[in-house]
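*Asks:* Okay, here's what each chain looks like letter by letter:
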Amino acid sequence: MIARLLVACACVFSWSQLSWGIGTVELPVPSDPTVSFKIWFKVGSQDDPAGKEGLAALTAAMVSDASTLQNSYDKILEKLYPMATGYGASVDKEMTVISGRVHRDHLNAYVKLLSEAILQPAFTAEDFQRHQTNVLNYLDKTLRYSNDEALGKEMLYDAIFANTPYGHPEDGLPASVRSITLDDVKSFYRTHYTAGNVVIGIGGGYDSALVGRLKSELNALPAGAPAPVAKPAPRPPEGIEAVLVDKETQSTAISIGFPISVLRGDRDFYALWIANSWLGEHRNSSSHLYNVIREVRGMNYGDYSYIEYYPNGWAHQFPPPNAPRRQQFFEIWIRPVQNDGAQFALRAAIRELQRLIDKGMSPEDFTLTRKFLKKYVRHYAPTTDLRLGYKLDDAFYGIPDHLQTAEKMFDELTLEDVNRAVRKHLQTANLTIAIVTKNAQALRQALISDAPSPMTYTMPKPPEVLEEDKTIAAYPLKVLPEKVVVVPVDSTFMR
Amino acid sequence: MKQRWVAFALIALYLGIGVAAGAATEKIFPYTYHQTVLENGLTVILIPMESPGIVAYYSVVRTGSRDEYEPGHSGFAHFFEHMMFRGTKSYPGPVYDKLMTEMGADANAFTSSDITCYHLKIATDDLEKVMELESDRFRNLSYAEDAFKTEAGAVHGEYLKSLSSPGFVLHENLLNTAFDQHTYKHTTIGFGRDVEAMPTMYEYSKSFFNRYYRPENVVLLIVGDIKPEPTLALVRKYYSDWQKGYVPPQVPKEPEQTAARRADADFQGRTLPIMAVAYKSLGFDPDNTSLAACLLLGDLAFGETSDIYKKLVIEEQRVQFLSPSFGPSRDPGLVTVYTMVKDTADVAAIEKEIYQTIEYYQANRVDEARLKDLKSNVRYGFLMGLDTPGNVAGGLTSLLAISGNMDVVDRFYATLNQVTTQDIMDAAKTFLAKEKRTVVLVKGR
Chain Z
1 MIARLLVACA
11 CVFSWSQLSW
21 GIGTVELPVP
31 SDPTVSFKIW
41 FKVGSQDDPA
51 GKEGLAALTA
61 AMVSDASTLQ
71 NSYDKILEKL
81 YPMATGYGAS
91 VDKEMTVISG
101 RVHRDHLNAY
111 VKLLSEAILQ
121 PAFTAEDFQR
131 HQTNVLNYLD
141 KTLRYSNDEA
151 LGKEMLYDAI
161 FANTPYGHPE
171 DGLPASVRSI
181 TLDDVKSFYR
191 THYTAGNVVI
201 GIGGGYDSAL
211 VGRLKSELNA
221 LPAGAPAPVA
231 KPAPRPPEGI
241 EAVLVDKETQ
251 STAISIGFPI
261 SVLRGDRDFY
271 ALWIANSWLG
281 EHRNSSSHLY
291 NVIREVRGMN
301 YGDYSYIEYY
311 PNGWAHQFPP
321 PNAPRRQQFF
331 EIWIRPVQND
341 GAQFALRAAI
351 RELQRLIDKG
361 MSPEDFTLTR
371 KFLKKYVRHY
381 APTTDLRLGY
391 KLDDAFYGIP
401 DHLQTAEKMF
411 DELTLEDVNR
421 AVRKHLQTAN
431 LTIAIVTKNA
441 QALRQALISD
451 APSPMTYTMP
461 KPPEVLEEDK
471 TIAAYPLKVL
481 PEKVVVVPVD
491 STFMR
Chain A
1001 MKQRWVAFAL
1011 IALYLGIGVA
1021 AGAATEKIFP
1031 YTYHQTVLEN
1041 GLTVILIPME
1051 SPGIVAYYSV
1061 VRTGSRDEYE
1071 PGHSGFAHFF
1081 EHMMFRGTKS
1091 YPGPVYDKLM
1101 TEMGADANAF
1111 TSSDITCYHL
1121 KIATDDLEKV
1131 MELESDRFRN
1141 LSYAEDAFKT
1151 EAGAVHGEYL
1161 KSLSSPGFVL
1171 HENLLNTAFD
1181 QHTYKHTTIG
1191 FGRDVEAMPT
1201 MYEYSKSFFN
1211 RYYRPENVVL
1221 LIVGDIKPEP
1231 TLALVRKYYS
1241 DWQKGYVPPQ
1251 VPKEPEQTAA
1261 RRADADFQGR
1271 TLPIMAVAYK
1281 SLGFDPDNTS
1291 LAACLLLGDL
1301 AFGETSDIYK
1311 KLVIEEQRVQ
1321 FLSPSFGPSR
1331 DPGLVTVYTM
1341 VKDTADVAAI
1351 EKEIYQTIEY
1361 YQANRVDEAR
1371 LKDLKSNVRY
1381 GFLMGLDTPG
1391 NVAGGLTSLL
1401 AISGNMDVVD
1411 RFYATLNQVT
1421 TQDIMDAAKT
1431 FLAKEKRTVV
1441 LVKGR
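These protein sequence lines map, in sequence, to chains Z and A. Just so you know, we're using the working numbering here: the first sequence kicks off at 1 and counts up by one. Just so you know, we're using the working numbering here: the second sequence kicks off at 1001 and counts up by one.
There's no promise every hint is true.
[As the list claims (entries may be wrong)] Just some of the chain A residues that point at chain Z, by a computed CB distance under 10 Å:
#1 Lys1027
#2 Ile1054
#3 Leu1272
None of these hints come from the bench; they were simulated from the model. Beta carbons are placed, not taken as given, at the ideal position from N, Cα and C, and that holds for glycine.
Take these sequences, add in the hints, and give me the full structure.
*Replies:* Encoded structure:
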């Protein structure tokens, strides 16, 4: 009886979606000579079937970067070319967005192409082969061999979210991508690219008739929505759990993290934001970790921390939108250090996190950081396109304007609020660590022995730094042998 | 997060500029600008635009790795990008950092072969304070030897990080092979041996600063929510005391290349083979139609709508990517086609396809419609990129570093707009001649 009721509810829900129309997120800016589109499908890599990891990303590519029933792929490129624009898909764990931006002079022609891509993808064997091969080359070669930092981060995410729907790269795994067929893509598209699963995001200098046109066109998608995926429940690390990737490399990339239960919209999120900005503001010399590891000791290029997923950090000064998640994690990113300084850098970062937890922010740091953030947050989304992206994320989290809330919360929150949130949500006893390094076995032994790892410099250092170095070098991490695994780089993601 | 895109405004990205579709005299740059040269030689460009409360503040130093002509000292332009955040006697590094933090400034810098650019996005209210701080560090930078050595360590870390990328290995070998004398021979970060030796060069670093960080060698570009007259008055207040003293670098002239070159390099990891096919170009001249045609040729012949792209990327799928990089440079630099080949055994055949494409453009005129589409692409790419003060300023920095003058923007547009299909064919013959070619192939293990 209960089951029947649920089925009935689901039907009514689908019908109401159709009846009341597809959801929209609008950001009209009449003075903007361009129009931005972000067509959001509530699907992501968490929806990948077991053994077919990478299917959501491959499907999105076959929609956004391939032929339609009306035009071959090269014809689409030709038509977009004089407009100096395009459209593309971003796929994260929970969200797929087909987005693009066009000058008003080309609006009609562009909307036609975009609409055809979403509604009538051709799913040709040639396009499929192109994308599948490109993804495989990326997974086999680029991800593992061309950017140690990206590999380290991906290994960290893989370990934190193991055995959950978040537990694989959005692109999939070499074996799973090889197993995906064109029929898998078609079937995934039919079930996930539906009228009940789409939200139209539009911003800039458009008129309301365009919204009506898009709604009406996208209503041609099949009705209904796929079954929701349960929120991931990652197993928290027990003690220090480290995965060391053994790779012939001249420097060592380190990432540290653990799941946290705070999301945008929570009061504690904004409290943690203030503390985290002080500890590790992304690509900013105000970051305390940056100060300790790079500025004072010259060990590397930068050191940062995060309270939510931050995609492609090396390419962005501010967090790009459209990677929202129901389950977040805390992360420290130590950019590559010389191999013999790896253990010291790791100790320094973890020690600083623990000092923040123990001592809390000082009143001076709190005041300064709050002042910084209140203005800095205004640089997050300077364009219509970015603001629209943030609005979609707000819709995902079901919250009012996140960036405005932040400005307000930065005024409201007290030092006590911040330090309480730090103590509640951050810790150093249970961490996942991913390290890409040369001679990983030796580092494993060093971690297990926990013997001091003194730092040496080619230049004189002030006595207070050398004194502090002694404490850092001996900072106990208490790593148990069974918690450290070494993986040859050739074996990574080969499951 | 995974992202994929079909088509985008390629040209605008590397030309930093677009062409007008209308008459040659039409000015494409849509904002009124105010250019002034102070008595000490500092060029000031002010561009008011609608951007409530936000200002982009760009200090463009017309010095890049090109200016590192003294043997053993490559990498210093980039190194200065780092040192400039170490402060002055009035505002030592930590004080400067704290003030920037209080202002919530989005502050950063970058270096390339022709430019070192310090850029900030700030609140209009903070403009005067920023001007005080920026003028101070450009005049009075001061750092102790220990801080210098520490920063050298960070730069070495950056170099090591780059080495894990096969693209960097390709670029480093390409420049080293293509150039004999000119300083374009080294990458912006410098030769590895020079970067390692940096900690010993404290005295030299001060000489580098004294010669190049002078008002005659700097363009100050301020864009956004500003009023020109009071802003210029502030600039005069804070920058007029800056003493002249620029000593131009003795950059060696590159002898004319007379024979094709090639080099293979190994990458200590896995990668598909990556190849660069490069040709010597000309130094930037906004009125040179032949150069403008060469820069447009790259996209026509090898861009996403070219025949070879359709064949190798879309239909036969023999390459992972094919991408032209035909941009302007202050001195004669390179225009380059990059590709990543899926099968090592196919590399020679792909290289041949590239030469055949060049031969085609040397013997045939491109369709009028394709050239028209390209001009439209450049125009709309440029216009769509002018949406924030930071993007406007960022789009102008390259040309300002190369030329030092705003008027080249409209002049270069006019020249691009006049390019004909005959010019394109002539450029293919002149620029993409076999004897000017350098090919580098990087293979993984």
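*Asks:* Using Cβ atoms only, decide whether A/Lys1027 comes closer than 10 Å to chain Z, and label the hint accordingly.
*Replies:* This hint is violated: A/Lys1027 lies away from chain Z, its Cβ roughly 17 Å from the closest one there, beyond 10 Å.
*Asks:* Classify the hint on A/Leu1272 as holds or violated, based on whether any CB of chain Z lies nearer than 10 Å to its CB.
*Replies:* Result: holds, 6 Å to nearest chain Z Cβ.
*Asks:* Mind checking the CB of A/Ile1054 against every CB in chain Z and telling me if the closest is under 10 Å?
*Replies:* holds, 7 Å
Hint check: a violation occurs at hint 1 only; the rest are consistent with the structure.
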